[in-house]
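Novice: Please model the complete structure; the sequences and the hints are all you need to start from.
So the protein sequences, as listed, match chains A and B.
Its first residue numbered 1, the first sequence is counted upward by one per residue in our numbering.
Its first residue numbered 1001, the second sequence is counted upward by one per residue in our numbering.
Bear in mind the hints are in silico, worked out from the structure with no lab data behind them.
Check the hints yourself; a few may be wrong.
What the hints assert, rightly or not - Straight-line distance between alpha carbons at most 27 Å, and here's what the computed DSSO-like set of lysine-lysine pairs gives:
no.	chain 1	residue 1	chain 2	residue 2
1	A	K69	A	K83
2	B	K1015	A	K83
3	B	K1125	A	K66
4	B	K1015	A	K66
5	A	K83	A	K66
6	A	K69	B	K1015
7	B	K1125	B	K1164
Claimed, not checked - If you want the footprint, here are the derived chain A segments under chain B, 3+ residues with CB under 8 Å:
no.	stretch
8	11-19
9	68-75
What the hints assert, rightly or not - Label pairs and their calculated CB-CB ranges:
no.	chain 1	residue 1	chain 2	residue 2	range
10	B	R1027	A	L30	45 to 51 Å
11	B	S1067	A	L79	18 to 24 Å
12	B	L1084	A	Y102	52 to 58 Å
13	A	Y102	B	D1157	54 to 60 Å
14	A	R77	B	R1027	16 to 22 Å
15	B	L1126	A	A82	39 to 45 Å
Backbone N, C-alpha and C fix where the C-beta goes; we use that ideal spot for every residue, glycine too.
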Amino acid sequence: MNGTVSRRLTCGTDLVGLMAQVADSDSGDLAHQAGCRFCQAALLELRRLWMLVGELAAERVTAPDKIDKVAMQRIRRALFAAKVAEFFSGLLPRLGWALLAYSGLTRSR
Amino acid sequence: MELQLDDDHLVTRAKAGRLDAFEELVRRHRLTVYRIALRMLGDEGEAEDATQEAFVQAWRGLAGFRSDARFSTWIHRIVTNRCLNLLRSRRTAEPLPGPGTEIAASPARAPERVVEVSWQLHDLKLAINQLTPEQRAPLVLHDLEGHRYDEIAAMLDISVAAVKSRLHRARLGLLDAMRQWR
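Specialist: Right, here's the structure in full:
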């Protein structure tokens, strides 16, 4: 975007204010706008743009079905990996002590 | 018939480890999350990946989710930030990609009104893709998804004034693009 849009119209009106009037229903200087061809032209242009934005917002989008499946698969896999890790982290020290006990090292302490 | 639980109850159950509750949240929110990703990234494949990643990240961060917030706002925040990171990394790497298959499949120019609007929408999507990520996010979240300024400010970790300022610049950017279509 090269940003060539001037924020001020020839009549001095701020384009951002006019945009907010169209997009956000902000109040505007209606008395001035009624007699100003610059404001009227800008409002026409902004309303056309805003209509298109509304069309895009209302456009039907379909999300692929596999999104939930893949996301849930990844979560299940991560949960499984965490459980396996937990199991082994609990098992290994016990296994270690068992090996030490078996080799007689613990008795010598 | 099973009672439909609201998001808060599902979140509570999911926090307690109930995967089925989280799965229901995914089902409920996948369309809006995907739509945000699609509008932010302009590419269906990337939007799909970003949506999946957002839900996985949400599951991982569920314990830290504050119950006074809405789940929808939270998951929208996650996907938006994921898209922003992707766009920022893409910005330095290569020129912006095309609009994706959805856009590329637009009809040929013809005088009919429907086709004209369809082409204008196509151009609008292109123009959104040309906005900076910082401008695009408020535009997608406010003008397309209907989030409030304060919600967007919380999602993007910026002030409400900054949200408004970025949104104004985004809208002017679109106006600029629209003038060049003629």
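Novice: Against each hint, give a clear statement of whether it holds in the structure.
Specialist: Taking the hints in turn, this is what the structure says about them:
no.	hint	result
1	A:K69 <-> A:K83	holds (21 Å)
2	B:K1015 <-> A:K83	holds (17 Å)
3	B:K1125 <-> A:K66	holds (25 Å)
4	B:K1015 <-> A:K66	holds (24 Å)
5	A:K83 <-> A:K66	holds (25 Å)
6	A:K69 <-> B:K1015	holds (20 Å)
7	B:K1125 <-> B:K1164	holds (21 Å)
8	11-19	holds (count 3)
9	68-75	holds (count 6)
10	B:R1027 <-> A:L30: 45 to 51 Å	holds (47 Å)
11	B:S1067 <-> A:L79: 18 to 24 Å	holds (22 Å)
12	B:L1084 <-> A:Y102: 52 to 58 Å	holds (57 Å)
13	A:Y102 <-> B:D1157: 54 to 60 Å	holds (57 Å)
14	A:R77 <-> B:R1027: 16 to 22 Å	holds (19 Å)
15	B:L1126 <-> A:A82: 39 to 45 Å	holds (44 Å)
Of the numbered hints given earlier, the model fails none.
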